[in-house]
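Same order as they appear, the protein sequences are chains A and B.
According to numbering that gives the first Met the number 0, the first sequence holds residues 0 to 342 in order.
According to numbering that gives the first Met the number 0, the second sequence holds residues 0 to 319 in order.
Keep in mind that the hints are not guaranteed to be accurate.
[To be verified] Here are the simulated lysine-lysine pairs, DSS-like style, with alpha carbons at most 30 Å apart:
(1) A:Lys274 / A:Lys35
(2) A:Lys256 / B:Lys2
(3) B:Lys180 / A:Lys44
[As the list claims (entries may be wrong)] Covered stretches of chain B, as calculated for chain A (at least 3 residues, CB under 8 Å):
(4) 11–24
(5) 28–35
(6) 213–223
Because the hints were derived from the structure by calculation, they are not lab data.
What you are looking at is a predicted structure, and each value in this text was computed from that prediction instead of being measured.
Quick reminder that beta carbons are idealized off the backbone N, C-alpha and C, glycines included.
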Amino acid sequence: MRQKIKPVEAALAAAGALNVVEMYKKALTIRYFEEKVDWLFGRGKLGGTTHLCIGQEAVPVGVASALRADDYMVSTHRGHGHLIAKGGEPARIFAELLGKSEGYCKGRGGTQHLCVMGLNFLGTNGITGGGIPIATGAGLSIKLSGDDRVAVCFFGEGASNQGTFHESLNMASVWKLPVVYVCENNMYAMSTRFARISASDDVAARAGAYGIEAAIVDGMDALKVAELAGKVVGRVRAGGGPALIEAKTYRFCGHSKSDPRTYRTREEEEMWKGKDPIKRLAAAAAEFIPGSEIEGIKRGVLAMIEDAYDAAEKGSDSSTDAALDGVYAKREDIVPQGNIQSA
Amino acid sequence: MGKMNIVQAVQEALRLEMERDGDVVVLGEDVGRDGGVFRVTEGLFERFGPERVIDTPLSEIGIVGAAVGMAAYGIKPVVEIQFMGFIYAGLEQIFSHASRIRSRSRGRFTCPLVVRAPYGIGIKAPELHSESSEAFFCHMPGVKVVVPSTPYNAKGLLTSAIRDPNPVVFLEPARLYRSIKGEVPDGEYSIPLGKASVYQEGVDFTVVAWGTMLHRAADAAEGFDCEIIDLMTLKPFDEETVLGSVKKTGRLVVVHEATMNLGLGAEVAALAAGEAIEYLKGPVIRVAGPEAVVPMARLEDDYMPGVERIKRAYEKVMRY
Ligand SMILES: Cc1ncc(C[n+]2csc(CCOP(=O)(O)OP(=O)(O)O)c2C)c(N)n1
């Protein structure tokens, strides 16, 4: 067994080792999940469109490492990684994409309308920027209940041009809401490079206008994201008001299913692929566990994803009747989320 | 003359109008070098440059609002919204401002604005990528609403929409974009707004449809002697052509993809009831979408009125 840790750091590492290995497994789960989805699209087994987060795995994994199960998470159109990081089961996400009734939304929502109340995952979103006010409201509901949960809101840099972003940050700041806004800045909204349509280079700069503290982090490095998220979430949880994290990242694949990627160079892509977050995590994990174990983890996760898909595929197709009912709720369907504590 | 699909026909109308009139400007997300989600604006950026083919930030309310201001002050903006389901933030500017500028300014301002969007079920994605909420726009005084159904009328109608001095919402059926081809004359021509076309003549009953459903209504008509009207302009729609046909046949079926409740079919039915009830031999029948969001692709065919359902409506109306 190879042990690279220096004795002085041993105690620290023992605590960290579990985390690093766990984060590696999570990131790998997301990567293999997305690669499988890509494969399924290529073979026509999935229809419509999908947005993969290959290359961006460090952000959800790093942020989620600082969260509790009862914290809220609001996602985007590129949301499979967010859900997996929050504890979503690959089999049930596959089932959702396949339109099976075992899916998290009974096979009615698909990739862009996926929500899991049991995981406090308030949904992927087909509307760019649509989730930002929802996360803000989740933050307000936490504040009204008087507990110490936080709401985390993912969005892309493109979405930060929507009014919803600006309106939400203002509200969150004025009301001191426990919301952590996490911008996954992968530089491109579809074909549009941020620098071409934005007055400021960094999304973080915008937070300042609303009196919100913001920090920029290398979004290809899960450990750095985790470290920052740990601090930020702690401060927000303690009642410090909202915060913004801007993670500089890159999607290795196209925007969606059909994207010739004419708006960026192959050299730029190669440069970013050199920063592959999975490889970095593997290297970090190798500080704690032997190489053979790393290989074992890879094989294990890959097999788990294949099994998850096979299980999902065997599920039952969701029915039209199920799709047509459930438009309105009944009174007894209301689930109290928390009791407002009056002063 | 040449055969083209609707994507090409729309693109040609845009190009010809931009050549003819230097005030016509295209703007939207990814419409420039990228050519847009459906590649409708492909080549326009290279031909007309970044001042007339404008890549915007991701901001529907900002895009539509800016276009309203441009239109009020002499430009003829043609906005592309990537899918109809993304228009709702921009709806605010269309409803609150574009539609009212004419009457608010007591006739001093015009708002010659076109908002184009692919619409309806077509790319096998549920919900917001498959919306058909044309009736919202029809409800608003001051807005015109157009839905082409063939490459030929797509080109001619868009040309008229761009030349029209009012805000026009131009909805392009995503399902038809590349699935049908047709003869399209070279050079510019226009098809007047507010005029329907008789797609097929017949005597037993009248069918009113538009966009994707026009083709389904026609497929279902095999074995029936019915008159099919392609409404093309939904607001204001051609009451004269509809009434003329209903008075001739005495029976009416309206087919649309959108939810039945308060869909445009209700307005067409009310017209027949109000103006031609003495000619009707039986009830007006509507074939429309259920009151639910559009489900995943596998269930689309159950959701969308299909040939079988439309046929049953035809059989039913013929029992009277
Ligand atoms: C209101 C709205 N407008 C446009 C779109 C189409 N669209 C989907 S994703 C996207 C780009 C989003 O960019 P960004 O927020 O940076 O996220 P990324 O895709 O880079 O993860 C666009 C334009 C949409 N889904 N919703």
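Now for the hints, and whether the structure bears them out:
1. A:Lys274 / A:Lys35: Holds, at about 22 Å.
2. A:Lys256 / B:Lys2: holds (28 Å)
3. B:Lys180 / A:Lys44: At roughly 27 Å apart (the allowed maximum being 30 Å), lysine 44 of chain A and lysine 180 of chain B satisfy the hint.
4. 11–24: violated (count 0)
5. 28–35: holds (count 4)
6. 213–223: violated (count 0)
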